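Colleague: In case you want the letters, here they are:
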Amino acid sequence: MKFTILQNDLLEALQRISGVVPTRSTTPILENILFELDEEKLKITGTDLEISITTGVTPKKIEQTGSIALPARVITEMIRSLPAIPVQFELDETKRVRITTDQGYYQVAGISRNEFPDNPSLSEARSIELKNDLLRRMFSKTIFAVSSEELRPALMGVYMQIMPDEFRMVATDGHRLSKIIDSSFRFDEAGIQMIIPPKAVQIALKNLNEEGNIKLQLNQGGLCFIFDNTTLYTRLVEGEYPDYEKVIPRDNDKKMVVDRSLLMATVKRVSLFSSALTHQVRFSLSQNRLAVCSEDADIGGEAREELNVEYNDEPMELGYNAQYILDILKHVDDDKVVFTLKNPVRAAVVKPLSQKENESFMMLIMPIKLNSQEHQ
Amino acid sequence: MASIHLLSDLMMKRIAAGEVVERPASVAKELIENALDAGSSRILLRIEESGVSLIEVTDDGNGMTEEDVLLCCRRHATSKIRDEEDLEAITTLGFRGEALASISAVSRMVITTCHQSENEGTQVLLESGEIREVLKVAPRKGTTVSVRDLFAAVPARRKFLKTPVTELRHLIRVFRTMVLSHPKIDWTLQVNGDKTMHLLRNTLEERLNDVLGDSRELIHIHRSVSGLNIEAWISRPGDGRKSRENQFVFINGRAVQNRSLSHAVLSAYGNRLGRGEYPVYILYIEMDPRLVDVNVHPMKSEVRFQDEHLIYNLIRKITEDALRGPAVIPDLHLITKKRGSNLRFRGNETPRLSSQLSLEAQSTETAPLPASVSFREGEKRFPELWQIHNRYILSQIKSGITIIDQHVAHERILYEKVLACKKSAPGGSQQLLFPQTLQLSIDDYSTLTEINTALERIGFGLKEFGKQTVVIESVPLDIRKGNEKDILLDILDDYRENRGTGEDFWDAVAKSYACKSAVKSGDSLTLPEMTSLIDQLFATSEPYFCPHGRPIIVNLSLEEIDRRFGR
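Heads up: the protein sequence lines correspond to chains X and L, in order. According to the working numbering, the first sequence is numbered sequentially starting from 1. According to the working numbering, the second sequence is numbered sequentially starting from 377.
In case anyone wonders, no lab produced these hints; they're calculated from the structure. Among the hints, erroneous ones may be present.
The list that follows gives simulated cross-link-like pairs (lysine-lysine, BS3-like), each with its CA atoms no further than 30 Å apart [as the list claims (entries may be wrong)]:
id, chain 1, residue 1, chain 2, residue 2
1, L, 843, X, 246
2, L, 839, X, 246
3, X, 60, X, 41
4, X, 199, L, 839
5, X, 95, X, 41
6, L, 861, X, 255
7, L, 861, X, 342
Predicted model, so just to flag it, every value in this text is computed and none were measured.
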């Protein structure tokens, strides 16, 4: 293997896969990046066995094809610290790679390609084509609610449902839930659903272009995103996604409309004085007024702020985890947010006041039952 | 014919002897007490065949004149008290004037003695309590009392002796106790002709090392309150033993047993003790002899206090204080520590002498107390924290390294939080989007109904759903997400298992909850999480021990590390 490549081209490629290469693994080969060179292209691959990414880059000059696995950290750091100059890679018979610039050389021991895990085969895969911007939007509106708790594995991913006349994504950790539906979507075949691990979603978000389409390939247990120059393969989360529709309340009859950024700033400030462990804040709703309060008995902190809202129902006291409220508000695009409520122990439904065309986006947040209610 | 008659003098003596001379060990105890009362500075105890063929105590005390010797074996003959007033304020170990008479009634006894004022010694031979022979011998300061053929004439007694090993163990226990009670004396123990143990006069601390092994493992307490001077060493929770062997109480130099004192110490440990763990404690109490009555039992091992309540509370208080303090943080000894006493009764062990021991003892004085202090005062709080093996939190402290067990630390925090729920309302209860249905066994179900009120206050929202089915609708805020069902079942199991131990209801629930919902070892923590954990830990009332008595914090001193590197 012998080729010359521009530093910035290679660095860009290395950065695309760096997120997946483990820094410390029980299988040391995974700490390497596979370089494969054919007559036209250099392909580099990184994997943690759950997810693998292969990306292509065109060298300036190809002299001899070949392949070798090289330690990810040292190669990435070295290329990163070089200026934008041509770099030559040359593999010798003893599996050592000499990297030469006009200033000098660096030599590193490689590992045979055969020891690097093969990419999973995607034969018999179904193909789906999606718009880049749609996929990006749906991912970014749901990923925040994914559970990180390994005890309920099915929740540890974004649930993607492709149906004949709509495209859905849902994520929940059991305390909040986010659901987004695109109803302009059409799919000719039978429906497909899968649970995609959040790490793959994050990498996909990084690689999705603004425009154009992306092809997904799906087989038993695995999903492949085919981007322009890059393919991302991920294993899917096994297990059955819970029946989320059942827990979305349909009869919440009280409505609060609030300015999104105002509420966000208020909750942020007030929550600084809540318990660092529970982030508990209290919403006191009354006629067109919302008071947000917190207290931290451990450090003696306390805060209270009031703001104007639209609310015309009976007064109510609600407890929430401020972190969840902030997460939810962050993902609303509209200036106004609507909370629909029933009572202090029922899930609140949160939506933007005006939905985008062909889109239905809603979030749920479960309240914290406040102790004072016991004494009422 | 009259069926009632007076017993012979010998029979009376033998019956009386039964009270005092229970076994060879009691002979040794009486003889050593006499030697101590004689103001000796050296005492030698010789034992043959677990004391049945010979128990001999040699001292260098005042000795007796011929007149005294002849009298000393009569009952109620004593030099130690004279009148009622003396009896109320006993300062000697003996006072009843019974021991020698009783022992001589059930053995062959030889007393060899020389009073310091005389230039001729006396030797008296007694059999069955009668003087058989009186000889003049060469003067040798002090007294030797040899007791042979113990119980030879009382087969009933002899039959009740336990195996030689057991009797020897009792003898050693007496010796250990005496050694601890009078550290400023040269002690020698000889078993079957071997010089088993020779202990030079020593400081109390060294003496503890001699008898118990490494006394620096113990927490030292010294307190003088209302006329009482108390010096004590107690074990750290978790360092206790499986038996009561190493529990000693000395009042004015006398080894005593007193239920109320032991109870005071034990209750101070409370739930810090593991199951089947007995704390090691050595209490030295000095007090006005008029306030304590030792004339309760012929063995004089029981005492009564004039104000038992005061002593009980005092002992409990100082023990509790000591256990709360930072001294309970165990020091980590990388160097293989020598556990157990060096007072072994087999083999010719050379006496373990001071040089090495004192070095170790000194190192306890620099024990890393400041650690926790600096945590609290927080001039520079935890500059850096590391999590190792997702199990321990490591930080540098002034005196070395401190290691915190994340699971037990969190356990302590949650435990206190739950106990606080007992008094005031809980913080809140996170409602669940997906309520969890739980099908319970009859057993679980009845346990649940028993503790449901407590669970509700902690933050569990449970709803009954027909036969033995329960739906978890909400959970405490600090519970590990997704794990609600398992935690609840674990709490039920745990609670049921501990219910029998008579623990407080809340305590049992709190322990189960804390243990099950605390972060586990293996959970990785972020820096803010670690900081918050430690902040909260030090806000608890007892940051050093988890509710089950395991240590939370272990310090590794720089010294220890240095030593390890041979610096």
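Colleague: For this structure, which hints from the list above don't hold up?
Modeller: Numbers 4 and 6, in rising order.
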